[in-house]
Structures are given as C-alpha cells and as structure tokens.
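A.B. asks: The lines below spell out each chain.
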Amino acid sequence: MSVHDLTPITALGATTAQADTVADLTCTEVTDLALASVAARLGQEKNCASTLGKLLGAPPPDAGKATMGTPYTAVWMGPEQWMLGADFGTHEDIATGLKAELGDAASVTEQTDAWTGFDLTGDGIEPVMELLSNINLRTLAPGDAQRTTIHHLGCFVICGDPHAFVRILGPRASAGSLHHAIMTAMKSAL
Amino acid sequence: MTQKNRLSGGQIDRDTTLKFTFDGKEYEGHKGDTLASALLANNVRLMGRSFKYHRPRGPLTAGSEEPNAIVELRGGARQEPNTRATTAELFNGLMAKSQNRWPSLAFDAMAINDRFSNFLTAGFYYKTFMWPAAFWEKLYEPIIRKAAGLGSLSMKEDPDAYDKGFRHCDLLIIGAGPSGLMAALTAGRAGKEVILADEDFRMGGRLNSETLGIDNLAAADWAAQAVAELSTMNNVRLMPRTTVIGAFDHGIYGAVERISDHLHTPDAGKPRQILWRIYAPKTILCAGATERPIAFDNNDRPGIMLASAIRSYANRWAATPAQRIAVFTNNDDGHKTASDLHAKGIKIAAVVDTRPDAPLAENYEVLRGAQVIDSKGRLGLTFAEVKLADGTMRTLECGALGVSGGWNPNVHLTCHQRGRPAWNEALAAFVPGDTLPPGMTVAGAANGDMSTHGALTTGAAAARKALGLKGKAAKTPDAEDAPVTQTPFWYVEGCSRAWLDQQNDVTVKDVKLSHQEGFRSVEHLKRYTTLGMATDQGKTSNMGGLAIMAELAGKAIPEVGTTIFRPPYTPTAIGVMAGRMKGMEFHPTRLTPSHFWAKERGAVFVEVGNWLRAQWFPIEGETHWRESVDREVTATRNSVGVCDCTTLGKIDVQGTDAAAFLNKVYCNGFAKLAVGKTRYGLMLREDGIAMDDGTAGRLAEDHFVVTTTTANAAKVYQHLEFLRQCLFPDMDVQLISTTEAWAQYAVAGPNSRKLLQKIVDPEFDISNDAFPFMACGNITVCGGLRARLFRISFSGELAFEIAVPSRYGDALMRQLMKEGEEFDVTPYGTEALGVMRIEKGHAAGNELNGTTTANNLGMGRMVSKAKDSIGSKLSERPGLNEADALKQVGIKPLDPSKKITAGGHLMNADGPVDAKHDQGYVTSAAFSPSLDSMIGLGFLKNGAERLGEKMRLVSPVTDLTVEVEIVSAHFIDPEGERVRA
Amino acid sequence: MIINHPLLGPRDSAEFVYLGDAAMIDRPNPETASPQDWHDYAYLRENPAGEHRELWFHEGGDRSWLVITRNTLTHEISKVEIARDVARKMGRSK
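Taken in sequence, the protein lines are chains A, B and C.
In this text, residue positions in the first sequence follow this note's numbering: the first is 1, and each later residue adds one.
In this text, residue positions in the second sequence follow this note's numbering: the first is 191, and each later residue adds one.
In this text, residue positions in the third sequence follow this note's numbering: the first is 1172, and each later residue adds one.
The hints are simulated quantities; they were obtained by calculation from the structure and are not laboratory data.
Pairs of lysine to any residue residues, derived as SDA-like cross-links and limited to a Cα-Cα distance of at most 20 Å, are as follows:
| hint | chain 1 | residue 1 | chain 2 | residue 2 |
| --- | --- | --- | --- | --- |
| 1 | C | K1260 | B | M921 |
| 2 | C | K1250 | B | G629 |
| 3 | B | K354 | C | I1173 |
| 4 | B | K354 | A | R138 |
| 5 | B | K772 | A | G176 |
| 6 | A | K65 | C | L1179 |
| 7 | B | K1055 | C | E1202 |
| 8 | C | K1265 | B | Q908 |
| 9 | B | K1008 | A | P8 |
| 10 | B | K460 | A | L190 |
| 11 | B | K1008 | A | T7 |
| 12 | B | K905 | C | D1192 |
| 13 | C | K1265 | B | T846 |
| 14 | C | K1265 | A | L42 |
| 15 | B | K1140 | B | D1074 |
| 16 | A | K187 | B | M774 |
Treat the numbers as computed from the prediction; the structure is a model and nothing was measured.
Bound conformation, chain A alone (with noise of 0.2 Å):
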C-alpha cells in the first residue's frame, strides 16, 4: 500500500462506510474493495484460465457465477471476462499485482473505484430485492453473480446466501441513486 497525503473518500461522500438498519436487515457501504477485470486475451483463453485458477484455488466462474476465495473472489462479467476483488487494505493496486501474474494472458483493468457496494444482511432479502430488480430470488443460491438492473443503473448482485447475504455493484458516481433506491424499498418492503 503507498503512503501519500491523499484522504479517500467514501462514494456516499463520507470518510467512513455508511451502514443503515430497517427491521432486521442492514445495508452497509463496502469501502474495502479492490477489484479490476480481467479479460482473457484472444487465443491466450487457457493460459488466462489456469492461471486464475491458481490465484483463486478454483477455476474461473462460469456464466452468472462468483467464486469466493482468498485472497481473490471473482465474478463472471463475460465471456472469457472476470471481476476479480480483492481486500483494499492489502490490495490497493490489484491491477499491477494480476497483470504480473497474468502477463500476456489476458487485459487487467483497474476497477475498484469504478463501482461502489452495498452489502445487504440480515432478514428481508428477497422483499426488498424483488422490488429492485428482475433477478429470481427464489432461485438464487450461494455463489450466483448475475448482472442486471437496479433502478436504470447497470448492477452486479453477488448472492453469499440468499437468505443472510447479498453484495450490490453498482456505478460508484451513482452511489447516492443507488442508495436510496434501496433505502426506499427496505422502508417499503420491511
């Protein structure tokens, strides 16, 4: 991590994570994430495949799939495409550290502050969410990683249990529209 004189600011516009509570669920700002893409260069798609599977302990995720791991999770953007995330405290610069290992395999992007997260937890999941986006909860399970929708603005919905744990992506300049629209529907649904 480098030292610099520069204090970060949270998408919401504060120095600390935001976290509300209605009823039993929480939506809490995630401030903590390094992500960059990744994508697969063209015929290098096995090269770029085995060697994330090495950092990820799993092969890549398929289609509408996220594989958690350590230190990387990663989620399926598109073909041959991934998200890999990472914790932000060990892993500001995500980019150079997967573009040194995965060299003329694939195209590294950084994108952490691409996006903002919301991680909703607690009771009331599905309630809330059917009221943001088209996703299926009910067949939503640990591990599925769709991109869809939520209130006009292109999301990632991370499922870690569909029942406890849902983490939002969305456009970090629109973290504000995206947080109220779930704001809005937890006070509506819960």
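Assemble chains B and C onto chain A, guided by the hints.
C.D. replies: Relative to the frame of chain A, chains B and C by itself:
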C-alpha cells in the same frame, strides 16, 4: 338505526364501525364494506350523475365493471377522481364526493342536457361542432369539458409514493374464485411456485356472494378455508387487492397491487400502490364472468342493478338497495337472487321472466313471458312497468330491480395479444378464442364453465395440465352442477331511451342511428357512439351494442365481430406507472468526484445527461452568472484554472490488436502513435457523418485509453463492442469502461505546470522537454499515489489532465486549491469550459450534431485514405465533398456589443432572407472576455474561402439581424503556441 | 419480451438495446466493394412482416451482441445466437 338497509349475516365485521362521509354527510359502515355497500346499507342509492345527460345514477354492479357509481375519493392533494364506489374499500374517515353534478347531486343544473337529449345523440359532437374550426379549441371544447367532464383533479402534487417490483413464478393464477382457488390448491400442493392474484380485498370471487355449498361448507367458508391452506404454503404467494392489468409478451404480466388504498394514509415509508412485473411461463386466467343487463326504457334509474350485484350486496355485505325488490330475468340465475333476497327477509315484488316456461316459486310471484318496459322514480326507482304475457300492463312497486340477461365470460386478458374471442352458441356469449397469449389457459366461468362444479373441476385440471403434473388428481369438492344455458334477450322494444352504456350515455337508439348513418363495423360503431369507450371499457355494454347491430344488419353476432380489449384491464393511476422514478429520482444522478467539494464552494450545478456538473463557481459580490464565468475564463488564461472533466467517457482498450482496432474506429491513423503519446481522434459513422471525438493515449504497445464526449460515452462503448464482436471478431482486443474509476481534472493556464510540479512526485519530470504537448504517462502524486497525466488542452492554454483513483478525487482537488493559492488558482465550470473551447475553435456536441462530416469540420484531410476505417468510404461521396460544402468558421459581430445566438442563419450582406439564399448557420455562441465581444462558431458554405466577408446573421424566430464578420474559428492563439509552451 | 440469452438464460428485453437488421454484420470488403455496395450496406434494410434477424446488445448484462430471430408480427423469438459466433461463421475476421 342509521344503517336502515343493513341485513343479517354477511362477511362484514360488525364489531368494527367505520365512519365516512359522502357529499359532506356522515354515515357509518363496517370493516369489509365497500363504499357502495355501505351507502346502500344507509339507504343511499343515488351516487352519481351520468357523463352526458347528467341523469341520476346509482350502482349497477358490485365490482370493477361498474359504469355508474363513479366518485371522487379523499380530499386535498390526495383527491382521486373517477373511482368506482363498488370497489373502494371502506376505511374510517373516508371522504367521498359525487362528481359531475352542480350544485348538488340531487339537484343538478346540467340535467337540462337530459331535456335536450334529442340533440345529443350519437355523433352529436362530430355533427354540431364541425364549424368553424377555430371555435373548437376556444369555445366548444372548454364548455363540453365542463359540462361532460368526469371528476376533477386536485392540481396538487401527489403526496403518495409508488413503487415497482418484479416477481417470478411457475404459475400465475388470475382470479381467486372457485376455479382460481382450485388451480392454486392443485399447483401449491404439488410444490410449484404459485402467484394467486385477485383484484378484490377478499379472495373467493363469486363464492363470497352465493349461498350454495361446497363439500359440507357454505361457499364463502370453503373459500376462506382454501385461502387459509394456501397461506401456509411458502411456495404460494397470495396477492389480494392486485389487479392483473395486462398480458404482455412472453409471459410477462403487469399487476397493480393496492398497498394502502384501504388506509386513511399510507404507513410511513410505504407506497400507495406497486406495479408488479410478473414473469410467468404459465398462467391460468380465472377471471370469472360478468352479468349482462337487459336494456329497456329508463333502465338507468338508481335502484336498477344487475341481479347478481343485488345478491352480492345482500349475501356478502348484508346490504340491500331497498326493502321491496323485483327481478327481471331471462334465465334461472335471476331466480337465485329472488330466493336469496327472500331468505334475507326482503319482499319480492315479483320475478319478471321473459321465458313463457320459467320455473315458478313458492314464496313469490313469477310473471312468465313478461317484460319490464319502463320505470319511474325521480332520483331512484319507485315503480317498474311490466308488460305481461297476455299484453296487459302491470305496475310493480319496488325500490330496486335486479336485472339478469345472462353472463359474459371475462375474456379481456385473452385479447391482449390480438386474440379474438369465439362465439359460443349455447351460452350466447363470447368465450376465449383459439389464439391466447403464449402460456395462458383459461378455466371456470371465464372459459364458459358457468357452474361451480365446472369451475372447480376445470381450475384443477388447468393447473395439472399447465404444470404437467402426473399422478392421480385429488377429488373435486362437491358442488352444484346445474347445466347452464342462456337464451339471448338483449333489449325490450320501447319508445323512450333504453341505456346500453350507462357511463357514456349510449342508448339503443344511438346504436340504431349509427347503423342508419352507415357505421356498420363494430370499430366505427364504437367511435361514433362512444359505446364501450368509457373508463369501464364497456364491460357491461359491449355485448348489448353488438347484439343490436347484428339484429339490424340481419346477421349473427359472430358475423358482426367483436372488438378486442387492450390493457389496462381497469383504470390505472399514472403514478404507479412512474413508480419511485419521480422528481429528482426520475433518473439516477451521477456525481463527479469533486461534487461534495464543489457544493461546499457554492457551485451552481447543471445536468449533463445524468451527471451533475459545476456550471460556475460564484464568489462573493457576483450577482450575475456572466461575472463568474468571465472571471473564471480570465483567471485561467492569465494564471491557472482547474475543471472536473471526469464525466468524459473513458474506455480502456487493450490487446495485441488494440492499435489496429483504433485504426478502424477513428478516421485518422493510430497505428503509429508512440507509447507515451496522445492523439486527437475523430470517429465517423459508417455513412461518413461525424459521430464523436476525443483523444486516445497510448500507455503501452497494447494499451490505450480512449476518451469520448460526456454525452456519447455509453453509445460509443456500445459501438466499439459492435466493431469488436460483429465486424472484427478475430482482433485481439478487450474493452472496458473506466469512466468512473478515475477522477480527472483539467489543469489549464500558463501556471498549470508550476502548480502540477508541486503535486506530482519529483521523480517525474513534466517540463516541456520531458513531457511535451500530447504526452501521456503513469505518474505518482502527493507522495506515492498512482496517477495518470495527459498533456492535452481543450482551452487552448498550456494544460494537463490529471487522473487519480476516484476516491482520492476530492482530496486531490483540495490539494490543488491549496497548492495553487500562490497562483490564485481558480476552479472553473462547464460555462467557462464552453467559452474557452469556442474561443479556441474546438468542435463539441453543437458542431458534431449528426449532420456534419469531417470535411465540414475542417478535418477532411484527417480522413486517412491509406487505411480502411468506419465511415471512410462513404465520407468520400461526391455529395459530401462539393465545392460549396459547409465549413466551420468563426463569427464575430461588427459591433462587439451586439448579441449573436446559436441557431441563427448566415445570409449574404445583401439580398433576400429566405431558405433559398441560406449560406449557413451558427452552432455555438458565447461572450468572450478575452476578446470583449460575442463570438460564435458555425458552418458556412465554402467557409474556408470566405474569411473576412461581412454577412448578416438572422434569426426570424427571435427577430434578430446582426451584421457579422466571418473569421477563423481559432479566435485565440491560432498558431497553437500556448499549448506547446 | 424475454430473450433467452445463450449464456445467461432467459432475460428481460428491458436489459437490452436494439440496433437493427443483423445484415449490418455483413460489412462490405473495403478492398473490393463498389460505392453501390457501400450505399446498400449503409441504407438498405429489409422490413419484413414475419421473421427478422436483428442485433441486440445486452447493455444491462454481459455486454454481448446477440443475433435474435424474431417474428415482427407475433414477437416470437425462435433463435438467439452470440453475434461474434455468427460473424465468424460469415467469414468475418480482422
């Protein structure tokens, strides 16, 4: 006792008394009442005035098909017009008003229209108000609207919230009557995901209104037991108060759930209604049937109702419109009403049955082969005139008359994808046709199975079939199974007016008149008479109109055809269509990384797409935006300014073919761009028109960062993916948007390098030699934060763009302001940005307006002929390259104090001012503090050769004529010395 | 409408952006094409009342371009293909 017409029994909670007002008068009802049932219980039959003739009207039905009892609910900002009293659930404090009457419901001055009814027949509006045309808007329409209007709007903002949501299921069941409940039980017990939606607040459908038994239970108790069982199943979602309003493509259904309409005000944070989008691969429509009336003279008096509606009020709501009631029927169902009412202690004046062989009854008189031919009573029914089988007349004293002309299946949703209903001769009614929305089946009365046994059986069978359930079917509960036949009997010949469509005041005579005047197709009939075009969509009237047309044409009803139904099934509030996307949440807002800082500085913001950008930063003492903008421009040109340009689209382009790919994307060359350099690029559409422009910096052999204009970021990304996936699928290139990942600031002005040298870590040399114009590279700032630096300039000054990860954007801006104090660093907004780019002659969205080419923009020579790129071939078309093609020029008024405006057209100094002599037009204009004059950019025929020419700038729209001089578009530093300093 | 994405399964058409006729994949060969070929490619489109192959972009999803065969009269979607595969089958390369 106030509720004089309240009966015993019913499914109301007598322990909960609710107070409400109607037209200011206080009444009491019970939980479980509708507004209509409570009013009837209070002996109020008159609930509204008709649309055209202002005739007194009461409820015709007990459901959502109601044409007459249309009222205004609540007050203040929550006032809601045109609500059916028959479906409005009673709550404590409900305030209801009748509408379309003045000054009062009992005495309505506009009832004078009724006296002029001969003038207000079918097509009246078309015939009378044809001429003169100008009178229509100014005179006729306002008067007609006032006289014929429905309810009134509050003209206040709706204080309630609405929401939208999404639900998935294996099987959607629409309607929770006997067939719907059986279908839900069948599917639910099989473990399938089921959604059961019903518009009523109490599930059960007709079972709640009937005295028949199922198994050994009363029908309503059987329904309650079924609902109780379903509510224990996690795989079944019960959605009462939910109207499925439309069947859309591929098993998508729209449904409006009324969350709070039965409450005085919604609970905190709760929406009033939710619009659900239900994804259902299979659907069973169990929407039941609607009884149809028989038209006779003056059949619209309050108290004349559908027989089944009177039965519903008596059995479900323990309310009756009168203590003495007659029934007019052509089928056995009407007799049920009479016997149920008799059982509740109501006097039956007589049952008038059109059939000579009608069954007789023990407890009341049945008049076989007789017809009701007229009615009497000023504001409500007092007498019914009956013509007996032998031709003699008899007057029946009665306060209500139940009319039954048979039942029409509710086929509406089967028509939403152009399905046409089919005629069923035995029922003399339309049933669902062959072409149903994919995945839909129909069961119960909606499909023509009119008996309870039929509904239960077909409901269960439809669920088994839809879901492919195997194994033995459960036993169908025992229920009556009388065969139902319906003999058509539509109207009684008369000499006065017999009403078909009571909401739009269409009579039998109107239908005959329209036929006589040549309107022979159903669609024409509808539009000429307005039959079925009111808010009830003719649920109780279309069949009657059609039958009369068929009779006049001498055809069978199916030969005449039928109109089909469109969504929504019942009137739907616009608010719920918007959901929570209203006001500032109409679309999501994007904030720049310096937003919170800019807000602290008091910036004025402007919406640019979804972005909020600082437009200018007023300081103390400034009273006009121009003062702020002029100051920002001058300060930047004299020292240094900073502007947040994060909103420009940024696309990361990587891969071994990245350079070759950009060579296809841009009309100018990129293959030879050195690593560490940036180049301006112009993208064309395939037809040769300019699409977007920006810069591409090469960070490595196989890595570029492309910028797009703010407005086109998403569009360009989509375009690049199209090229990558569809046109050049074997290029090794990968794309991803990084717009929001980086906070990017333009630092512009002669002191920009000095300022940046205080921020950029010392190991990075950004002197002119080491980091010349158009250089780019990865650097670190403020002691080690990774950053990107581009030496590009939109302002025409020595300038850089510096990018850091977005979370540090706020801190970097504060740092720039702090370190820049010694240079009087000035933040500038989009206005100053715009002024400076016009001064420099840089094209932007106004110039790349979808009609201009590289040639027009003065960049014709940039289009490389050495390679193929998108649009390069068609940009060579002769028509785009004629000698007098438009060329971008600068425009300056001869008198610097004169204003020029974008949109004005350029005309020669002398000669006519018309389109034929048009020479070009102005695209951008601004006041230039640097030149102390208005300046503009525009396109002029053969403009490059006409510098120095005096012309007229005219704008007939704003009545503007200004003498201008054509100059170079580069008002500032035409040689580009500053940017290279 | 529901679009059965070859990789992601049934998805609501609201997640997609429509472009138009899939014939746009068949860009003329810049080495050999005549001006008429370019004109036809840029401007001429079939407008069938019936089956139509069209390009849709999964903007709210995986950013794939799809070739969708849709009946313009009934909205029935009979085939969904990844556009990149279609392009390669048509001989497109670099």
